[in-house]
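A.B. asks: Since each chain sits alone in its own frame, please combine them into the complex, following the hints.
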Amino acid sequence: MSLRLEHVTKRFGDVTAVNDVTLSIPEGEMFGFLGANGAGKTTTFRMILGLLDPTEGTITWNGHEINYAKSHLIGYLPEERGLYPKLKVKEQLIYLGRLRGLNKEAILKEIEYWLERFKVPEYAEKRVEELSKGNQQKIQFIAAVLHKPKLLILDEPFSGLDPVNVELLKEAVIDLKNNGTTIVFSSHRMEHVEELCEHLCIMHRGKPVVHGALKEIKRSFGKKNIIIHADIPLDELKDFPGVVKAKTTAEGIHLQIESEDVSQHILAHIVNKGFIRKFALEEPSLNDIFIEKVGAAYE
Amino acid sequence: MNKFWIILWHTYVTKLKAKSFIITTIITSLLVFALTNLNHIIEFFNKDEKKTVGVIDQTGTLYEPLQMQLKKSGESDIRLQSFTGSEDEAKKNVQRGKWDAFLSLAYDDKQLPKATYYANTIADSDTPNKLEQSLQQVKTALATAKIGLKPEQVTQLYESVPFHKVALEKNAKTEEELNQARGLVYILLFAMYMFVLMYGGMIASEVATEKSSRVMEILISSAPPVQQMFGKIIGVALVSLTQFIVLFAIGFSSLKSSGKELLQFLGFEHIPISTFVYAVIFFLLGYFLYATLFAVLGSLVSRVEEVQPMITPVTLLVVAAFFIAMFGLNAPESSFITATSFIPFFAPMIMFLRVGMLPVPFWEIAVSLALLIVTIGLFAFFGSKIYRGGVLMYGKSTSLKDIKKAIQLTKK
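Line by line, the protein sequences are chains F and E. Under this note's numbering, think of the first position of the first sequence as 29, with each following residue one higher. Under this note's numbering, think of the first position of the second sequence as 33, with each following residue one higher.
No lab work stands behind these hints, which were simulated from the structure alone. No experiment lies behind these values; they were computed from the predicted model shown. Glycine included, every Cβ here is placed at the ideal spot set by N, Cα and C. Treat the hints loosely; a few may be bogus.
[Stated by the list, open to error] Below 30 Å or equal to it, Euclidean Cα-Cα: the simulated DSSO-like pairs (lysine-lysine) are:
1. E:K51 <-> E:K82
2. E:K417 <-> F:K235
3. F:K98 <-> E:K437
4. E:K49 <-> F:K132
5. F:K114 <-> F:K147
6. F:K161 <-> F:K178
7. E:K51 <-> F:K161
8. E:K49 <-> F:K116
9. F:K176 <-> E:K35
10. E:K82 <-> E:K35
[To be verified] Label pairs and their calculated CB-CB ranges:
11. F:G240 <-> E:M230: 54 to 62 Å
12. E:F53 <-> F:E34: 47 to 55 Å
13. E:F308 <-> F:R32: 56 to 64 Å
14. F:R217 <-> E:M230: 44 to 52 Å
[What the hints assert, rightly or not] What the simulated footprint calls covered on chain F by chain E, stretch by stretch (three residues with Cβ under 8 Å from a Cβ of chain E suffice, anywhere in the stretch; the number is not a length):
15. 109-118
16. 203-214
If we strip away everything but chain E, and leave its shape as in the complex, we get (with noise of 0.2 Å):
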């Protein structure tokens, strides 16, 4: 078998078998299992958490619509209970617990309604939300009885505007699509940022760990450093994709049988297959970028511990590609947008924006990915030069002037 397969196969197994990759799978899967069915989640502590509110009513009129308009707008954890006492006596009962809260309802100077509201703490701003609203509301029927208008009449008063955006260009998305689309590229930037983040610094951390244990010299008088180099990477790459699926899994079939209504928000029904494509294409693309970085810097330094300084810089090179992203989401069309799409650093998330959001002539796409190869096909023959000069090198190495050093050590 060739060399690259045995130090690829040996990198995805080490990883795989490593309790702390188990433990992160299955942390994360929980997680994402959670998130899935949060509906549910919170449906089940919310069951027993119905809040009991006391109502002094002196307009002796208010109370029965209000329980109306509350049944109406389906507020079904609220109930009311009217109360004759004092409001001393309604207070002691508040204190006391038996109720959450009490409300006290009188008319104003213009024999409208008006309320005030007692809790222990009114920090749970929910419940006089709701009961503002359907006062609200009571108050809006009183108040247009009063001048003599229907109830059609009133409605047609609130109904919202028809306001309909419609897209001039062939092959420029609906707003409906639009939405969706922009759900499921938030979901799939989000994941490149994390994936480039974690398996970058894998990498880098891997490498440096080699090179700590001095096993580096033997490993690379037995495997040319470039084989290794790429055989780590794509190692890693596996193990990603491996936790990938395995999370895409279970978030996808728990989407499936919990939250219709949310598969349907991130819109996952409607998206062109070409997202997908060019989804996986940036994934990969702009993964072998930064790994390959990563791989080169962490061949720079001697000690596991000084990765994190070394590698800082291209973190933030990530970080900024994702913030000029969620800025993107909702500006596609800027100029600035259409520019850095063209940067190799940031094309793999803004190019895949763009793609997902917007009708791009092919060309563009073209041209950025053409750039985004020729970037990588350059890092990847100078970093496994300075990967071959760096894992001989010991010593302190903070500073990127170490480069220049391993590339020197390479030479004739």
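Excised from the complex, chain F in its bound form (with noise of 0.2 Å):
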């Protein structure tokens, strides 16, 4: 029972968009796709939504393919927001709930209920070119929600958003969630995914080349950071053997180590040459993985 995509390669004549990507998404989870623009993100929820076809792999939603027929099971945000400029809230909803498959009735309902929790109740009246970009990507999102999908498909649902915003809409995801709905979703903020998933896959040019749960990532990684407050002087540790990288910082100083045992060498070395504050190890940041898979692959 899930979402499986396997072997599926995309060309567009001579590009290749996408390159066998093998993932399988289960039951309730929510997945992240992290990737640069044009690492084709886009394209595989094109294909997962059927807009278009793969050119090789299949893709298959509890076993079946994916088409029009199974349309009111799939809510979709897509990364360029549009809705009709023109007319009502309202109106704009019921006409896409429609065509997702819910009776009036039950459409109403829901659009009191989102605008409600959104707190913007006095919107439903108004045309959406009133409206400010933030809110209407919210009416977006209630679009894409409204008829309780089971399968949803966000593509960088929080950009665009302020602070507070970008809690109330993690919020209602999280919930979505919590009701057993399947998530994937998209973004270039890594901290949204690190909070959101379980797992995740980094896209690059169409491959995968990060894929997985988000602990297992983070441990196979094996590198590790050490933050360090403290008031002697700490540029010497730049040169320490087993350190990757090193950024001076107001308080101290930020490193990148290759394995856990180096923190303790430093740990030892300068212990006794001063006052300390504050020595941390922590795991690696999504971002330190994002940037040197990633990065690495554009050198």
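C.D. replies: See below:
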């Protein structure tokens, strides 16, 4: 019971947009797609939705191909936001909801619930072009979820929102997930993926370069970070054996090290030199992994 | 409810509720009303516009016959006023606005009438023309009397030659029928032309609007593009039908109450029912042919401003069809018209024209219709493929090369 992509490849003429992607997303999970612009995220989504046919490979949802007969089970928030500018929010959502197979009464109830939840009940009778961009995005999100989809695809759901609205939307996404919706979303904001997803995949030039559970990925990455705040000169640590990267900060230094062991050597090295306010060993951030995997591939 | 119907209904209702549609319908209705009541309107404005023309009759014998002649030909809006003063005084009267003009009558050396017409400007050709015609009659009467012809003989002289045209073919239309058919065919052709252009353009820009506002991507993830394309085409067709019915009802009822002659001239009364049936068939097929093309072209552009240059070639085709049809009204039997009536792009207008005016063998109509339907089918098939890819394509696109790109997008 899951969304499965098997050896999916998409070529446009000579350009290979997606290259041999194999993924399995269990039901009820939240799955993150990371990747630079042009990495193939949107093309992958469009193939999952059936808007494009894969050149090779198959995509199945619970063992069946995805087609228009199942569109009531699927919700989609495209990266390029768009609604009818001249239509009122309510009319708009009714139309889009009916296209997803919902009847009018049910839609009205959902609209009321979601507008209330997003603290914008007064927008129901407003035309979309009168709303701010962030509010249009909320309406678009409602359009993607009001039919209670089983599979929800969110292309850059949080881009362009202020922090308060990001939180509102994040809560909504988490609620949907807890109610059993399988959610696939893309982002280039690492912290969102880190916070929300158990599983993720980093795409680079159409290929998944990292793929798996977040914890696994971090562990297998091997490298760790050390944060030191101290009043002693720390620059010499940059050349310490096992240190990969170093960045001086106002209060001390950030180091990336090859393995956990190195941290003990560093601690031993500086512990008697003066007052140390902070010495922390941290897991690598997704950002580090992303830059390492994608940045390295650039070179 | 099927998604196709949801799209159709949505298109229909939103278009119908749009302010621009309501305003256009009201304005056009007023125009139709005005047009069908044109004779009343002109009469109304002309009521007080009697022209007063002073007459200096140097002969002393021409004034009376001219007055009589004017009355006989029913020119009630010209009032003559005999004047005995000098020409200078008369000119002053015109300049002061007492008269609209004055006419100086005299005999030439052959003792026949001649006249000079004075007015502030001679921009108005109506009044002098009427006076000239009446004077011509007076002159004819005088001249013929001089050579001793009796009035009956004069009437005989001027009687027009009886010239009848008779069609030998059994189903051919009589001359009277033909004239009536021409009127009706002309009106229907014009309506076809207007509606294809107006509503075809509406479909193209509708599709382009959905694309440019990027709502398209949600739409095509909810319902198949083919259903969307045809939902839209038929939805707009219903809008046009609604408007057509409103205009037709207004036009017909106001014609019935005001202008019986016009109604007869158009020949609505003697036209066989089959002509109307063909009109509807060709109208619908013509609409579908062009609407499909317009929808596909609309799906290729990314912004509404790019619609116009994209659809221009197709628009020109419609215009060409219309002008060929106009030519065909006077020469429906020419082989050029016969040939073009089988070309699908022209068939809706040209074949209808032939059917309306000539006895066309049924097989010819059937062939033309079949070709048209097959073409529509082909366009619909390829069109929906292009549409599916086209709606995902963004960027500057004003060339037909994009069709290839769009089809490529839908391939594996």
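A.B. asks: Does each hint hold? Answer for all of them.
C.D. replies: Quick rundown of the hints versus the structure:
1. For a cut-off of 30 Å, the pair hint linking K51 of chain E to K82 of chain E is broken: about 44 Å separates their Cα positions.
2. About 28 Å separates the Cα atoms of K417 of chain E and K235 of chain F, which keeps this hinted pair within 30 Å; it holds.
3. For the hint pairing K98 of chain F with K437 of chain E, the CA-to-CA distance comes to about 28 Å; that is within 30 Å, so the pair holds.
4. Using a Cα cut-off of 30 Å, the hinted pair K49 of chain E and K132 of chain F holds, with the two alpha carbons roughly 19 Å apart.
5. As the CA atoms of K114 of chain F and K147 of chain F are separated by approximately 22 Å, the hinted pair is consistent with the 30 Å bound.
6. For the hint pairing K161 of chain F with K178 of chain F, the CA-to-CA distance comes to about 27 Å; that is within 30 Å, so the pair holds.
7. Proximity of K51 of chain E to K161 of chain F is assessed by CA-CA distance (about 26 Å); at most 30 Å being required, the pair is judged to hold.
8. Distance check on the hinted pair: K49 of chain E and K116 of chain F sit about 13 Å apart at the alpha-carbon level, within 30 Å; holds.
9. For the suggested pair K176 of chain F and K35 of chain E, the alpha carbons sit about 18 Å apart, so the restraint of at most 30 Å is met.
10. A hinted pair counts as satisfied when its Cα atoms are at most 30 Å apart, and K82 of chain E with K35 of chain E does not qualify at roughly 65 Å.
11. Between G240 of chain F and M230 of chain E the C-beta distance comes to about 58 Å, which sits within the given range of 54 to 62 Å.
12. Checking the proposed 47 to 55 Å range against F53 of chain E and E34 of chain F shows it holds: the Cβ atoms sit about 50 Å from each other.
13. For the hinted restraint 56 to 64 Å between F308 of chain E and R32 of chain F, the CB-CB distance of approximately 59 Å keeps it satisfied.
14. Roughly 48 Å separates the CB atoms of R217 of chain F and M230 of chain E, a value that falls within the hinted 44 to 52 Å.
15. For the segment 109-118 of chain F, the assignment as covered by chain E holds, since 6 residues bring a beta-carbon within under 8 Å of that chain's beta-carbons and 3 suffice.
16. Counting residues of the segment 203-214 of chain F whose C-beta lies closer than 8 Å to any C-beta of chain E gives 0; at least three are required, and the coverage claim is violated.
In this structure, the earlier hints numbered 1, 10 and 16 are contradicted, and the remaining ones agree with it.
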